[in-house]
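Chain by chain, the residues run as shown.
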Amino acid sequence: MLSTTSPEQLLANRNNAKLSTGPKSKKGKQTVAKNATSHGLNQATCYADEPLYSPLLTLIHQDGFSEDDSEAIAQALTDYRKVMDAYYETYMAIPPVDSSYSFNPLIIAEAIYGMAEGARDSVTSLEIKQVINIINSSRKQAQKQGLMPMRNATDMRRFMRYQQKAAASISKAICHSDNIKPPGSRSSLPTSKK
Amino acid sequence: MTNNKKLKKLTTLRTVKLQPQHQQQFDIVFESLLSEMDTPSALSVVLIEQIAECLFWIKQHNNDKEEIICYAMGEELVKTLHFLDEDYVEAITHTIKQILQGHDVKATEPERYARFEEIMNKRDMTLSTLRAKAMLARMDKIDDLDAIITRHIQNLRHLQKGLDAVDIKKRMLKRLDLEIQQLTEEAKQQREHSLEPPLEKKADAIDHQP
Chain C
1 MLSTTSPEQL LANRNNAKLS TGPKSKKGKQ TVAKNATSHG LNQATCYADE
51 PLYSPLLTLI HQDGFSEDDS EAIAQALTDY RKVMDAYYET YMAIPPVDSS
101 YSFNPLIIAE AIYGMAEGAR DSVTSLEIKQ VINIINSSRK QAQKQGLMPM
151 RNATDMRRFM RYQQKAAASI SKAICHSDNI KPPGSRSSLP TSKK
Chain A
1 MTNNKKLKKL TTLRTVKLQP QHQQQFDIVF ESLLSEMDTP SALSVVLIEQ
51 IAECLFWIKQ HNNDKEEIIC YAMGEELVKT LHFLDEDYVE AITHTIKQIL
101 QGHDVKATEP ERYARFEEIM NKRDMTLSTL RAKAMLARMD KIDDLDAIIT
151 RHIQNLRHLQ KGLDAVDIKK RMLKRLDLEI QQLTEEAKQQ REHSLEPPLE
201 KKADAIDHQP
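One line per chain: the protein sequences are C and A, in this order.
One point on numbering: in this note's numbering, the residue at position 184 of the first sequence is 184, and numbering is uninterrupted.
One point on numbering: in this note's numbering, the residue at position 45 of the second sequence is 45, and numbering is uninterrupted.
These are computed hints drawn from the structure, not numbers from a lab.
Please note that a few of the clues may not be correct.
Straight-line Cα separation of at most 25 Å, BS3-like style, residue types lysine-lysine; simulated pairs [to be verified]:
#1 133/A <-> 82/C
#2 133/A <-> 97/A
#3 133/A <-> 165/C
#4 82/C <-> 129/C
#5 82/C <-> 59/A
#6 97/A <-> 82/C
#7 59/A <-> 161/A
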């Protein structure tokens, strides 16, 4: 639908919005604090607040690892889970393609003419052209992006570097713990000094 | 370890939570991997769970890739239309998918198959040339998915390295136990042996007497 707001009204709205001091309630403040957060993987993790961390720590410690090693492994696993959970959430949250983009622009133009018949102000051909252009560009964009799996492919790439870091830190934490060294890094027999 | 104990560990250590439509698929992979382990420790179970998740993602993204190719094949066939008729593309994609999966579309849906064949003949295309064209058209997306799949394989390698390390510790302990047992037995035998020689020496002495 075409906007009916006058330029003066638009300016007044913008000026009024500048006077706003933001949310006042605690809940509102908490909500706006997450405004710019898309997945939160760049934030430092507070392990004490992570529900998975302490059960993991206990279980790994029970497996015979020292306290420091258990902590390192549990932290690495918690970080990895955070990345993979965000990955799954993003994968499932990608919306399907809007079917309105598949309409023929000519049909849309006819529909706008039809709607304008009973309206007080008639719709000019320029306005219809503008609407068609907007729909056309959205359609082209949608066509370029393709179906859900195609969107997935683009959206999931940004998680790769987080996965790389998290997965490497797991193997590092385990292999560098006491009594465990990566195979081939040291021999089981002490070497004699020459 | 008995099956009950394994299942008990499974319920207490669940770190991967997926939606029901994916959970079942994941559980099958996870349980089959777990059944290959003799005595998995808590950390091993967690690592196996992450490995199963990697395998799940590799399979999922491979399916996505196939879906992209099928859809692109449909797009290639209806390219002459001046607007994107998604319903039509999807109908064609469905037919292509069924043909690629080996269904006898000619027998089950002759009308649809005839329409599909007509378009193919008009374009002078075979399924393989159409697939090649579709892959070229959506190469960027396929490349993206390939990179993601490679990442999951590398994740899997890291996790496998960790699992091997945990296993090596276990194996080392087992080996040390066996070595201790062997040394104890040897010591026992030697002690028994050390008690016997004087008699043997005596006997020898008698035998060698001129």
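Right, here's what the structure says about each hint:
1. 133/A <-> 82/C: violated, 39 Å
2. 133/A <-> 97/A: Since the Cα atoms of residue 133/A and residue 97/A sit roughly 16 Å apart, the hinted pair holds (cutoff 25 Å).
3. 133/A <-> 165/C: Between residue 133/A and residue 165/C the Cα gap is close to 37 Å, so the pair fails against 25 Å, i.e. violated.
4. 82/C <-> 129/C: This hinted pair is violated, its Cα atoms lying about 47 Å apart.
5. 82/C <-> 59/A: holds, 21 Å
6. 97/A <-> 82/C: The hint is violated at about 36 Å.
7. 59/A <-> 161/A: It holds: about 21 Å lies between the C-alpha atoms, which stays within 25 Å.
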